[in-house]
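As a plain string of letters, each chain reads:
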Amino acid sequence: MLPSLAPSLALSLAPALAPRRTLSLFLGLALFQSLAATAFTTSNSPPTQCGPLTVNWGGPNQTIAPPFTLLVLPLDGSPTNISLPDSSFNATTNTGTYTLDKLPLKSATQFVLTMGDGFGLFPSHLPHTSQSAHITFSSTSPRR
Amino acid sequence: MSLVQTVGDSSDASCLTAEVSTMSSFFTLSPLNPSQCESQVLLWNSTRYQEPPLIRVVLPGDRAINLVRPSTAIGKYARWEVDRREGTQFLLLVQPPISSQNPTGNSDARTSPLITVTGKSSDSCLSSGLPSSTITGSTSTATTVYGPSISTVPGPTDPSGNVK
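Chains as they are written, first to last, in our numbering: chain A, 1 to 144; chain B, 1 to 164.
Derived by calculation from the structure, the hints in this document are not laboratory data. No experiment lies behind these values; they were computed from the predicted model shown. Even glycine gets a Cβ: it sits at the ideal position worked out from N, Cα and C. Check the hints yourself; a few may be wrong.
[To be verified] Here are a few chain B residues that sit away from chain A, every Cβ distance over 10 Å (derived from the structure): (1) V4; (2) D9; (3) S35; (4) R48; (5) V58; (6) A109.
[Claimed, not checked] With a Cα cut of at most 25 Å, we get these calculated SDA-like pairs of lysine to any residue: (7) A:K102 to B:P113; (8) A:K106 to B:D12; (9) A:K106 to B:C37; (10) A:K102 to B:A18; (11) B:K120 to B:Q50; (12) A:K102 to B:Y77; (13) A:K102 to B:Q5; (14) A:K102 to A:T54; (15) A:K106 to B:E38; (16) B:K120 to B:E38; (17) A:K102 to B:D108; (18) B:K120 to A:K106; (19) A:K106 to A:P66; (20) A:K102 to B:V20; (21) B:K120 to B:C37; (22) A:K106 to A:A91; (23) A:K106 to B:S46; (24) A:K106 to B:Y77; (25) B:K120 to B:E51; (26) A:K106 to B:L16.
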């Protein structure tokens, strides 16, 4: 996976003499610009309390790299950071899919989902500014 | 980043854990709903966060922006200019710095309620298409960063007097 990042990284790292902050800015802008036009969709049916949740992400020409994490952010609550197995990502197609068996939220809770990757733009498995544009979430009926 | 969603009903409660403590035991916000281009102050619980926490502005349906974190443990609050248009909704995510996080969980992470930018004090902070702000800190250096600004002031007192 990482070798496929080389062209865009080489381009982004061109201003090698720039201060670190400026470099981060440059990387962030480069990623954001390359991904901003990608469609983002969510399922019409919201997930249920302790129900499964499937996440799909990635696609051609998107600069992403494992390890991936799923971040569940309930409003006014305690976030959950879930490390996704490497097997959830297909480096050939540059796409990933993962099903969380039980979404750990009570019914009626409002929440936001996002993901992070191992790109290293931020200092850990954190959501970064470009990542949001190419994730889709879907849910199925809770298992009985 | 997804839009804000609401969890549907289910009789399965097997995944639920204990209720989370109130936000004020993690941090407080002043004001809770800032106006456009106004500063918002986040005062963190310095017992819980012995180093300045990571703070993110999460824009549902859009992206998350890292507030720049001071590299040293100075002060216990952060102020950022809300360079978002009136009506914008966001939440704040506060968590310990990476070095202090528990690898098996992170009980010291907390989100705010959904915050709405209410009213506007000026348009001056919206001059460019992309957010670009200035950071100031104890070293008196200024750096342009991709994201909102944050400033951390040493010591327990707040010169603006609006943090309790």
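Consistency of the hints with the structure:
| no. | hint | in the structure |
| --- | --- | --- |
| 1 | V4 | violated (5 Å) |
| 2 | D9 | violated (5 Å) |
| 3 | S35 | holds (21 Å) |
| 4 | R48 | holds (13 Å) |
| 5 | V58 | violated (6 Å) |
| 6 | A109 | violated (5 Å) |
| 7 | A:K102 to B:P113 | holds (23 Å) |
| 8 | A:K106 to B:D12 | holds (10 Å) |
| 9 | A:K106 to B:C37 | violated (35 Å) |
| 10 | A:K102 to B:A18 | holds (16 Å) |
| 11 | B:K120 to B:Q50 | violated (34 Å) |
| 12 | A:K102 to B:Y77 | violated (36 Å) |
| 13 | A:K102 to B:Q5 | holds (16 Å) |
| 14 | A:K102 to A:T54 | holds (10 Å) |
| 15 | A:K106 to B:E38 | violated (34 Å) |
| 16 | B:K120 to B:E38 | holds (7 Å) |
| 17 | A:K102 to B:D108 | holds (22 Å) |
| 18 | B:K120 to A:K106 | violated (35 Å) |
| 19 | A:K106 to A:P66 | violated (30 Å) |
| 20 | A:K102 to B:V20 | holds (18 Å) |
| 21 | B:K120 to B:C37 | holds (7 Å) |
| 22 | A:K106 to A:A91 | violated (35 Å) |
| 23 | A:K106 to B:S46 | violated (30 Å) |
| 24 | A:K106 to B:Y77 | violated (31 Å) |
| 25 | B:K120 to B:E51 | violated (33 Å) |
| 26 | A:K106 to B:L16 | holds (7 Å) |
When each numbered hint is compared with the structure, violations occur for hints 1, 2, 5, 6, 9, 11, 12, 15, 18, 19, 22, 23, 24 and 25.
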